[in-house]
Amino acid sequence: DAGVTQTPRHEVAEKGQTIILKCEPVSGHNDLFWYRQTKIQGLELLSYFRSKSLMEDGGAFKDRFKAEMLNSSFSTLKIQPTEPKDSAVYLCASSLEVNYAEQFFGPGTRLTVL
Amino acid sequence: GQQVQQSPASLVLQEGENAELQCNFSSTATQLQWFYQSPGGSLVSLLSNPSGTKHTGRLTSTTVTKERRSSLHISSSQTTDSGTYLCAIEVSNYNVLYFGSGTKLTVEP
Chain A
5 DAGVTQTPRH EVAEKGQTII LKCEPVSGHN DLFWYRQTKI QGLELLSYFR SKSLMEDGGA
65 FKDRFKAEML NSSFSTLKIQ PTEPKDSAVY LCASSLEVNY AEQFFGPGTR LTVL
Chain B
116 GQQVQQSPAS LVLQEGENAE LQCNFSSTAT QLQWFYQSPG GSLVSLLSNP SGTKHTGRLT
176 STTVTKERRS SLHISSSQTT DSGTYLCAIE VSNYNVLYFG SGTKLTVEP
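Protein sequences, first through last, are from chains A and B.
So the first sequence is numbered by the working numbering: it starts at 5 and just counts up by one.
So the second sequence is numbered by the working numbering: it starts at 116 and just counts up by one.
These are calculated hints, taken from the structure and not from any lab test.
Computed from a predicted structure; not experimentally measured.
There's no promise every hint is true.
Among chain A residues calculated to face chain B with C-beta under 10 Å, some are [what the hints assert, rightly or not]:
no., residue
1, 31
2, 32
3, 69
4, 78
5, 99
6, 104
7, 108
8, 109
Stretches of chain A that chain B covers, calculated by requiring three or more beta carbons in the stretch to come under 8 Å of a beta carbon on chain B [stated by the list, open to error]:
no., region
9, 14–27
10, 110–116
Cβ coordinates follow ideal geometry from the N, Cα and C atoms, glycine included.
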């Protein structure tokens with residue numbers, strides 16, 4: 005079974021650009037998570053989907069961050085417009101739709117905003 | 116918000132020594148996971164251990180739910196164990212994880 009895949013692995017954007025990050029969860033996993041990782045803040049939740057429905061979005065990230073799950077095997081995270089403070093590693097994770105399930109993480113997308 | 120505190124922040128060992136990593140959390144955890152992250156790498160789940168003691172290979176995790184703490188013991192450390200170890204908890208039936216800031220382990224030859 006393939007694990008969680010994320011593309012691109014690296015992205016460089018100019019301030020004000022729109023960028024779209026992609027994630028494919030583990031086949032059969034109905035829970036999907038987007039996290040952001042920085043050295044200062046550590047890992048923070050951006051969005052959480054269960055069976056394609058948005059269950060939780062990180063309140064601090066609502067205005068310029070939008071995650072979507074158009075089908076059960078694909079999700080996108082759009083940042084519009086990007087700012088230099090958005091430079092971070094964006095991680096996607098998935099798990100089974102059962103309580104207390106283990107989460108499996110993708111390799112991440114390293115975003116640099118100039 | 117949820118608070119997960121890890122200690123020590125960093126740890127340097129000689130190869131063959133044992134490591135003891137601590138995780139304390141502010142809420143009752145319904146799930147607790149330990150992750151490993153290599154420099155520049157992604158997160159790899161090591162153990163899920165919401166209560167009791169679990170072993171896998173050279174790793175032993177002990178979680179005392181009532182006291183809101185967990186530990187990760189690494190025996191006979193190897194240079195390849197170097198990296199960051201993260202503790203994360205769930206506090207509800209939703210599978211959202213809250214992470215600590217990690218312990219950076221360096222194992223020298």
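Results for each hint:
1. 31: 17 Å, violated
2. 32: Result: violated, 15 Å to nearest chain B Cβ.
3. 69: 16 Å, violated
4. 78: With a closest approach of 19 Å, the residue 78 (chain A) hint is violated.
5. 99: Holds - the Cβ of residue 99 (chain A) comes within 10 Å of chain B, reaching about 5 Å at its closest.
6. 104: OK, holds: residue 104 (chain A) within 10 Å of chain B, min 4 Å.
7. 108: 7 Å, holds
8. 109: Given a least distance of 4 Å, the restraint on residue 109 (chain A) holds.
9. 14–27: Violated - the region 14–27 of chain A has 0 residues with a Cβ nearer than 8 Å to chain B, which falls short of three.
10. 110–116: holds (count 3)
When held up to the earlier numbered hints, the structure conflicts with 1, 2, 3, 4, 9 and fits the remainder.
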